[in-house]
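Full structure from sequences and hints, please.
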Amino acid sequence: MTGTGEAVGFWILGTLMVVAALGLVFVRKAVHAALCMAFVMINLGVLYVMEQAEFLGIVQIFVYTGAVMMLFLFVLMLVGIDSSDSIVETIKGQRVAGYVLGLGLAVVMFLALGSITLPATKGLEAVNNPADGGGNISGVAFLVFGKYVWAFELTSALLITAAIGAMVLAHRQRLTEKLSQREWSQRRVRENTYVAGLPAPGVYARHNAVDTPALLPDGTPSELSVSRVLVSRDQVATPITFHAAEQAIEAEIEDGSAR
Amino acid sequence: MSLSHYIYLATILFSIGAVTVLLRRNAIIVFMGVELMLNATNLAFVTFARVHGTLDGQVIALFVMVVAAAEVVVGLAIIMAIFRARRSASVDSANLMKL
Numbered sequence: 001m002t003g004t005g006e007a008v009g010f011w012i013l014g015t016l017m018v019v020a021a022l023g024l025v026f027v028r029k030a031v032h033a034a035l036c037m038a039f040v041m042i043n044l045g046v047l048y049v050m051e052q053a054e055f056l057g058i059v060q061i062f063v064y065t066g067a068v069m070m071l072f073l074f075v076l077m078l079v080g081i082d083s084s085d086s087i088v089e090t091i092k093g094q095r096v097a098g099y100v101l102g103l104g105l106a107v108v109m110f111l112a113l114g115s116i117t118l119p120a121t122k123g124l125e126a127v128n129n130p131a132d133g134g135g136n137i138s139g140v141a142f143l144v145f146g147k148y149v150w151a152f153e154l155t156s157a158l159l160i161t162a163a164i165g166a167m168v169l170a171h172r173q174r175l176t177e178k179l180s181q182r183e184w185s186q187r188r189v190r191e192n193t194y195v196a197g198l199p200a201p202g203v204y205a206r207h208n209a210v211d212t213p214a215l216l217p218d219g220t221p222s223e224l225s226v227s228r229v230l231v232s233r234d235q236v237a238t239p240i241t242f243h244a245a246e247q248a249i250e251a252e253i254e255d256g257s258a259r
Numbered sequence: 260m261s262l263s264h265y266i267y268l269a270t271i272l273f274s275i276g277a278v279t280v281l282l283r284r285n286a287i288i289v290f291m292g293v294e295l296m297l298n299a300t301n302l303a304f305v306t307f308a309r310v311h312g313t314l315d316g317q318v319i320a321l322f323v324m325v326v327a328a329a330e331v332v333v334g335l336a337i338i339m340a341i342f343r344a345r346r347s348a349s350v351d352s353a354n355l356m357k358l
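Chains A and B are the protein sequences, given in the same order.
My numbering applies: residue 1 is where the first sequence begins, and numbers increase by one.
My numbering applies: residue 260 is where the second sequence begins, and numbers increase by one.
Each hint should be verified, as a subset may be incorrect.
Said to hold, decoys possible - With beta-carbon atoms standing in for the labels, derived distance ranges:
hint, chain 1, residue 1, chain 2, residue 2, range
1, B, K357, A, T161, 28 to 34 Å
2, B, K357, A, S138, 51 to 57 Å
3, A, G123, B, R345, 51 to 57 Å
4, B, R345, A, P199, 30 to 36 Å
5, B, R345, A, V210, 27 to 33 Å
6, A, R188, B, K357, 41 to 47 Å
7, A, L78, B, L355, 19 to 25 Å
8, A, E183, B, K357, 40 to 46 Å
9, B, S352, A, L198, 30 to 36 Å
10, B, S352, A, F242, 38 to 44 Å
11, B, S352, A, E183, 31 to 37 Å
12, B, S352, A, P130, 53 to 59 Å
13, B, S352, A, F142, 48 to 54 Å
14, A, V189, B, R345, 35 to 41 Å
No wet-lab data here; the hints were simulated from the structure.
Every residue gets a Cβ at the ideal spot worked out from N, C-alpha and C, and that includes glycine.
In structure tokens form, the structure reads like this:
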């Protein structure tokens, strides 16, 4: 029914797609799942082109891998890249039940497909290469702006509603007025807390960056001087790494004064 | 190779998407499962268009893509709003209506 080239392409792409889609179920990190998904979508685009749906194939790659998956990755970065899935079951037996239901769904659909025979393939050669010289894109355009023009118009309403909805959902209303620098300083004095401001980070002689906590008079690092984001990521530098070097310098100075 | 192979592939992808929705706890991955199911149906649409020799199936697949894009935008905004309120993107943590 189809050419050998298409069969070879189908088996290669189909296998890769199923493996990548299974990654969606089994992979721990959300970013890896997103990459698996992007891979599946690119392969789907290629399959569409193989199935004589050139326009849809290109749109698939543009819209899905280009826009939708990037949106997914964007939200992943906002939500936190480390938010890996917990494997603790909250409902007893849910994992097993999920596998069974999924497998059952596949089996039911396979049986249903096995009991039917597709009509003889007509193929799209006739509609994709009509006598007037139009191609797949013109054919799709004739349908979108002809037979389905009402659905197309409704689509625009849907897209505008979705955009406005996303804006409303993502909007955060400021409950109080934003404080200016002057008001912050006045508030500090009035409340008598950190009147001189929080301690600034980075006062080591050898290292000067925001990941370096300020040292209190007794030598302990001040937690107030570093961002709590860095603390929770475990990216704060400690003075311990510099102790050896410091002792070497001190020993050298002592040596010099002894001479 | 007959065209029904494409339908079988769409079936497998749809089932994997359904299992993802059922099993994963991270709302974003659940959402990707929904996307996978939509894509699987698109593949079936395109294949049926080829079987019947008309472009209608391709046009419907195009509309499915548009609806999926709109759905992704709103869904991700909802996930963001939930994350902002509860500091978690897990579907288990949104249990405000639980007694």
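Inset, instruction - Enumerate the violated hints, using their earlier numbering and listing them in ascending order. - result: none
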